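Participant: With the hints as constraints, model all of the structure from the sequences given.
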Amino acid sequence: MKPIKNDEWIPTDGLELEENAFDVAITTENNLVVAGPGAGKTELLAQKACFLLQTNTCKFPHKILAISFKRDAAYNLKERVTLRCGEELAKRFDSLTFDSFAKQLFDRFNQAVPTYYKINSEYAVILDDRTILDYYKAEDITYFNSVPTAEILSLHHNTFPHTKLNHGEDVRNRVWKTMIRQSKLSFKMIMRLAEYIIKINPKIREYLQTTYHFVFLDEFQDTTEIQYDFFKSCFLDSTTKFTAVGDDKQRIMMWAGAQESIFEDFIADTTAERIPLTMNFRCAPRLVMLLNHLTEKLLQKSDLATPSKKWHPEQGECSVWVFENPNLEKQILFTEVQKWIDEEKINPRNICILVKQQLDQYAGELIKYFNENGVKARDENKLQDLLIQEVSVYVINVLYVIFKKRSIEEKAKAFSFLSQLHTELEDHQLLRLEISFSNFVKQMNNNYNVDETNEVVIKKLFEEVVNFAGKDRIRASFSSLRNSDFLDDVLQNLENEFIKNCQESNDIVLALDMLVGKDTIPVMTIHKSKGLEYHTVIFIGLEDGAFWSFERQPDEDKCAFFVALSRAKERVVFTFSKQRTGRFGLQRQSTSKIKIILEELIRSGIVVIAERND
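Here the sequence shown is numbered in the UniProt record's numbering, starting from 1 and rising by one per residue.
Derived by calculation from the structure, the hints in this document are not laboratory data. Computed from a predicted structure; not experimentally measured. Glycine included, every Cβ here is placed at the ideal spot set by N, Cα and C. Hints are not guaranteed to be accurate.
Stated by the list, open to error - Computed beta-carbon distance windows for the label pairs: (1) 141 <-> 374: 53 to 59 angstroms; (2) 211 <-> 442: 36 to 42 angstroms; (3) 203 <-> 385: 33 to 39 angstroms; (4) 149 <-> 551: 18 to 24 angstroms; (5) 385 <-> 519: 20 to 26 angstroms; (6) 87 <-> 605: 34 to 40 angstroms; (7) 358 <-> 203: 47 to 53 angstroms; (8) 16 <-> 202: 53 to 59 angstroms; (9) 141 <-> 599: 48 to 54 angstroms; (10) 463 <-> 5: 46 to 52 angstroms; (11) 382 <-> 107: 25 to 31 angstroms.
To be verified - The calculated EDC-like cross-link candidates involving lysine to aspartate or glutamate, where the alpha carbons are at most 20 angstroms apart (straight line), are: (12) 382 <-> 72; (13) 595 <-> 551; (14) 411 <-> 434; (15) 297 <-> 555; (16) 460 <-> 472; (17) 70 <-> 225; (18) 442 <-> 472; (19) 459 <-> 489; (20) 413 <-> 390; (21) 59 <-> 206; (22) 411 <-> 463; (23) 63 <-> 88; (24) 345 <-> 533; (25) 500 <-> 455; (26) 232 <-> 273; (27) 63 <-> 237; (28) 471 <-> 427; (29) 413 <-> 464.
Facilitator: Below, the structure is given as structure tokens:
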């Protein structure tokens, strides 16, 4: 394909970008883009990738690396770039999380670490800090009992090389030695090891910088110190150009170690220009007005947004509904949701129920009540990470192609996955692969029936679908799945969930619909909702009990509230229950600690507060 001239390039698919966004898309300088909710951050990065690839500004065969905080964000950005500029150019666009990028480097180059840090190629990934703390407890119980856990974990994840200047460092070194010997690492440990590999091997650093001429950093406000150190070790002081995108109004990961000064540090380290985006394409005008009021009065910031002209000026509504108890809350919410679905024709998937934390406590009974009364709802937290794994998407799409008529989109996505496993193939060879895939689908359709849902049959079905792609090829192509235990766990969890759905529905297509959440209201925590959007959002529990940490971390909790509100396109409802079920039964609730939030909602003149006893 002949490159487009730089001055002739226009945003792909006829999309319009605001002036600053367009300037960012076509520049090759370092930028920090500060963009609020609904500003089109994903689209901006996708369009910038299109410009760099379509004009060959990112010269062939060099690549673009996009690093996201969450796996679903990385997946969505890759999908968007593929949609905008086609599969061929998108092959030069790698979209990964920090964890998967570090793991990919470590898995490829782990023989470059000093002998005492070498680990078996098959290692287990530890997913929680408690396991690491157990190692310290076993190694030196006196040290473990005398030092705060946060201090132990900070020492454990210190940058390399490790010193041995005091007793704590000696214990740390012994724990690392034990974990290396047992082939157990956490993602933070993997990242520190990958950083060390880069530091002591200039040729590997040079290889990275030669491969990636442009790096995008998404959700940059959530970047941790370890992640930023890793990024700097790979790319700082090179000719690679950086575009970081973030929003300090949505900084809700401080508890996970997000670096508070990350914007200022990035500008100082890269001489990047700070560029604001002002449009909010997502939210209706009255919701944008409310967000602007809260930005100014609650968050003490001045970067206000402008709504899109596609809306009527009076669109958008926000309410706080006050209930006597959780029973009334779930019953009245059910009635309202049923009305939105039946009368306003809103797809249940376009309604989201959010909680701050403790989903079972705040929404467990509500989910049960909704399902018992004919409106499907589910805890999305349990399945979100599983369903965004590339291999999960592949298996689901292939099963749809086999058993559901007119699965054109699913077939295209399944074949796209297979193509990624065979990047060495030329066009005529890919055609053979496509024919082979079509024959496989026909054969499977002949061999299996849509109502044949016993466990033995489903296990065999899964096995054949995975084997057609090939486990070895899947592991080789996706760094996040390179660990065979992890790949097996993903497939086993997906299979278990699917078998459960098959037994409930006695129909493979219905079971697939259940798996992907078709016509089902998603219920999740605020943290899981980052980057998502819905017509209507219901937030359960605008009360002190839910915001129990408000006095200790008011700024982060205000940002969490801001994130919840900004997921809604047209309607948002916050609920307050005068009683809430806790460990000791029903307990009285108050809003004295978070009264500043309620006061500003009232002062906005937009929010309707209503007692709902119906």
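Participant: With reference to the structure, classify each hint as holding or not holding.
Facilitator: Now the hints, each set against the structure:
1. 141 <-> 374: 53 to 59 angstroms: holds (55 angstroms)
2. 211 <-> 442: 36 to 42 angstroms: holds (40 angstroms)
3. 203 <-> 385: 33 to 39 angstroms: holds (35 angstroms)
4. 149 <-> 551: 18 to 24 angstroms: Cβ of residue 149 to Cβ of residue 551: about 22 angstroms, so the range 18 to 24 angstroms holds.
5. 385 <-> 519: 20 to 26 angstroms: holds (22 angstroms)
6. 87 <-> 605: 34 to 40 angstroms: Between residue 87 and residue 605, where Cβ atoms are some 50 angstroms apart, the hint is violated.
7. 358 <-> 203: 47 to 53 angstroms: holds (49 angstroms)
8. 16 <-> 202: 53 to 59 angstroms: violated (44 angstroms)
9. 141 <-> 599: 48 to 54 angstroms: holds (49 angstroms)
10. 463 <-> 5: 46 to 52 angstroms: At 51 angstroms between Cβs, range holds.
11. 382 <-> 107: 25 to 31 angstroms: 28 angstroms Cβ-Cβ, so the 25 to 31 angstroms window holds.
12. 382 <-> 72: Satisfied, since the Cα-Cα distance of roughly 14 angstroms is no more than 20 angstroms.
13. 595 <-> 551: holds (11 angstroms)
14. 411 <-> 434: Since the Cα atoms of residue 411 and residue 434 sit roughly 10 angstroms apart, the hinted pair holds (cutoff 20 angstroms).
15. 297 <-> 555: holds (12 angstroms)
16. 460 <-> 472: Status holds; Cα separation ~19 angstroms.
17. 70 <-> 225: holds (16 angstroms)
18. 442 <-> 472: It is violated: about 24 angstroms lies between the C-alpha atoms, which goes past 20 angstroms.
19. 459 <-> 489: holds (14 angstroms)
20. 413 <-> 390: Judged against 20 angstroms, a Cα distance of about 10 angstroms means the pair holds.
21. 59 <-> 206: Since the Cα atoms of residue 59 and residue 206 sit roughly 17 angstroms apart, the hinted pair holds (cutoff 20 angstroms).
22. 411 <-> 463: Distance of about 19 angstroms is within 20 angstroms: holds.
23. 63 <-> 88: holds (12 angstroms)
24. 345 <-> 533: holds (17 angstroms)
25. 500 <-> 455: holds (9 angstroms)
26. 232 <-> 273: holds (18 angstroms)
27. 63 <-> 237: The given pair, whose Cα atoms are some 18 angstroms apart, holds under the 20 angstroms limit.
28. 471 <-> 427: violated (23 angstroms)
29. 413 <-> 464: holds (18 angstroms)
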